[in-house]
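Engineer: Once you've looked at the hints, dock chain B against the given chain A.
Note that the protein sequences, when read in sequence, are chains A and B.
So for the first sequence, our numbering puts the first residue at 256; every next one is plus one.
So for the second sequence, our numbering puts the first residue at 256; every next one is plus one.
Just to be clear, a hint being listed does not mean it is correct.
[To be verified] Here are the simulated distance ranges between beta carbons:
| id | chain 1 | residue 1 | chain 2 | residue 2 | range |
| --- | --- | --- | --- | --- | --- |
| 1 | A | 276 | B | 442 | 13 to 21 Å |
| 2 | A | 396 | B | 367 | 36 to 44 Å |
| 3 | B | 259 | A | 460 | 53 to 61 Å |
| 4 | A | 396 | B | 449 | 49 to 57 Å |
| 5 | A | 442 | B | 425 | 53 to 61 Å |
| 6 | A | 442 | B | 437 | 55 to 63 Å |
| 7 | B | 324 | A | 460 | 34 to 42 Å |
| 8 | B | 538 | A | 579 | 32 to 40 Å |
| 9 | B | 536 | A | 471 | 15 to 23 Å |
| 10 | B | 483 | A | 396 | 52 to 60 Å |
[Claimed, not checked] Counterexamples of contact, computed for chain A against chain B with all Cβ distances above 12 Å:
| id | residue |
| --- | --- |
| 11 | 264 |
| 12 | 324 |
| 13 | 329 |
| 14 | 351 |
| 15 | 439 |
| 16 | 497 |
| 17 | 501 |
| 18 | 505 |
| 19 | 518 |
| 20 | 523 |
| 21 | 529 |
| 22 | 531 |
[Stated by the list, open to error] A few chain A residues facing chain B, derived, Cβ under 8 Å:
| id | residue |
| --- | --- |
| 23 | 270 |
| 24 | 481 |
| 25 | 483 |
| 26 | 500 |
| 27 | 502 |
| 28 | 514 |
| 29 | 517 |
| 30 | 520 |
| 31 | 522 |
| 32 | 526 |
| 33 | 533 |
| 34 | 550 |
To be clear, the hints were calculated from the coordinates, so they are not data collected in a lab.
From the three backbone atoms N, C-alpha and C, an ideal C-beta is built for every residue, glycine too.
Protein chains: 2
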Amino acid sequence: MNAPNRLWRIASRPVDAVSRQNFLWVEEPMPQPGAGELLVRVIYLSIDPVQRYWLSPDATFGPPADAGMPMPGRIWGVVEQSASPAFPPGTLVAGPGIWAQWCTLPVAAAEPVPDWPGIPLLAHTSLFCMQALTAYFGLLEIAALRKTDTVVVSAAAGAVGSLVVQMARINGCARLVAIAGSEDKCRWLHEQLGADVAINYRTSDIGQALDAACPDGIDVYYDNVGGDILDAVLARINAHARIACGGFISHYDDGGQPRGIHNFQMLALKQARAEGFSCFEYVPRAGEAFAAIRRWHEQGRISYRAHLLKGLEQAPEALAGIFAGRNTGKTVIEVSPPPPEKAS
Amino acid sequence: MNAPNRLWRIASRPVDAVSRQNFLWVEEPMPQPGAGELLVRVIYLSIDPVQRYWLSPDATFGPPADAGMPMPGRIWGVVEQSASPAFPPGTLVAGPGIWAQWCTLPVAAAEPVPDWPGIPLLAHTSLFCMQALTAYFGLLEIAALRKTDTVVVSAAAGAVGSLVVQMARINGCARLVAIAGSEDKCRWLHEQLGADVAINYRTSDIGQALDAACPDGIDVYYDNVGGDILDAVLARINAHARIACGGFISHYDDGGQPRGIHNFQMLALKQARAEGFSCFEYVPRAGEAFAAIRRWHEQGRISYRAHLLKGLEQAPEALAGIFAGRNTGKTVIEVSPPPPEKAS
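So here's chain A without its partners, still in its complex pose (with noise of 0.2 Å):
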């Protein structure tokens, strides 16, 4: 094990958009996992928006990120060298990692990758992950969805949007719409996930365009962006509608001063409820969502579309494509070859 490492340390925190210029490409030896450590080659990373705002100054939750450190995010990889006799080298394991060749994780991080047949290891990046815990409890718990709702969805084509989308289809919803920023991801969204309208926010008065798509109001808002869309869908939501406050995208290159949301006392007016939630706190529970999600995936019923972009030295042009908008699904970097694909 004497091949370099290569990684991504952070430069400098993103003022506004992030970019290239916030991150280090740097070349170290190899990492030597201590106690208690798995020395882990990275196959897959995950690049969602959270990590942006890890680099916020004022960020709240996830892993700390400051200039010099190690550019944190998700991983699937397989273990080349361990410290204990339930990750024997070979295994595949996801755990909190690096953008980096190879890293280290903790055992008691580090979560075996299950070996579902017909089920790839892209496609635990893209149904059996965080976002996907996001998109579960978030819509059925948080956002409590009902049979008779109509229910918006933003950052549809998103990793968490369109798992959101075909959920709702699944669980049964009376009208479903979808917002996205390009053509596209609105064919996609309304032709292959299932929603009855898909709303170009890029290109569209999006109030005039919930009115046209949700004639009866709104009852259930799944909201990855915040901002706009947010005020223009509390203007138009019914009594007891439920907003799930997955993310808000929009607010995170805004330098700190997010625009205001002038509908906030919709939330009274129409006894509606807004509310916060975290994957994390739900990572108990995850058995119960990837099974279901497991159960969808054989019955054709739930498919993922990873944005797969291959090389380590893109990552920082991939999270920023993400605020840009030219991912559909998740993105994904793969970083070294994945194992080869065994027939289902």
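Structural biologist: Chain B in isolation, oriented as in the chain A frame:
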């Protein structure tokens, strides 16, 4: 019954601040109760912030209110003519009335006022009213008060807020912070009602004052005002905070363009919940709340302080006075003499 009736009709919808000019003081013949109606001599008229909202063109709950109509308002009075053996003349009743000396009430909408020793009719207007339901269920169910909570209450010297403060103290909380608009109110809240700290928002930087009053952050916010105070609270909420959205009086007079809330995304960051509610939904459970309040009152643990004005002609100024902060406790108009108080 040939005496004339005096009442206030709506002259126009207020554009911003409500004033006497939005009402017309008229003399009309005594109303004639129809089948299934009571004729009631009004004793007390409740003046509440929500009445300003009823006058908004986009009001979405409560009775309709438009130019020409008598102004609606909750009344307590005595039955003078009755179509129902359940309400013989002389019965004290409460119900959805109008700003009038005399009004008719459908039997189905009339509620007998319980004859509780030691509780005069005026106490009913403050302690056994819609505002009491709002305070009770908003604090104990929507905000789900816990004994470890730091609680903040806005408009804390108002009809709802002054009950919330006392109910929080009675039910136990770690720290209780009241926000009001004068030194007199703050003194009452701190010295009489048990607030640990009372903040005069007119003379304080609300953010700095909250920082000083809530060094461990805010767990529960009982919001009666919306606007800048809500925004300042959102910036300081703890994980799993609960915001009971009871009202937004800072918006009622703003002509329909509420100021923006910049910290909505704190709900997502803190896995917090903001929830609106309406006392109307809790009417079926009024008995439960009123039994608790009566018990606390008998134990000397809850008190009231009506802002009592004599004469129906004062009603418009009384409503405007709420938004100017002239009331402490519930604003009540004494329209005609109350029954003599019985010894307890």
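Engineer: Check the structure against each numbered hint from earlier and tell me which ones fail, lowest number first.
Structural biologist: 1, 4, 8, 10, 16, 17, 18, 19, 20, 21, 22, 23, 25 and 34
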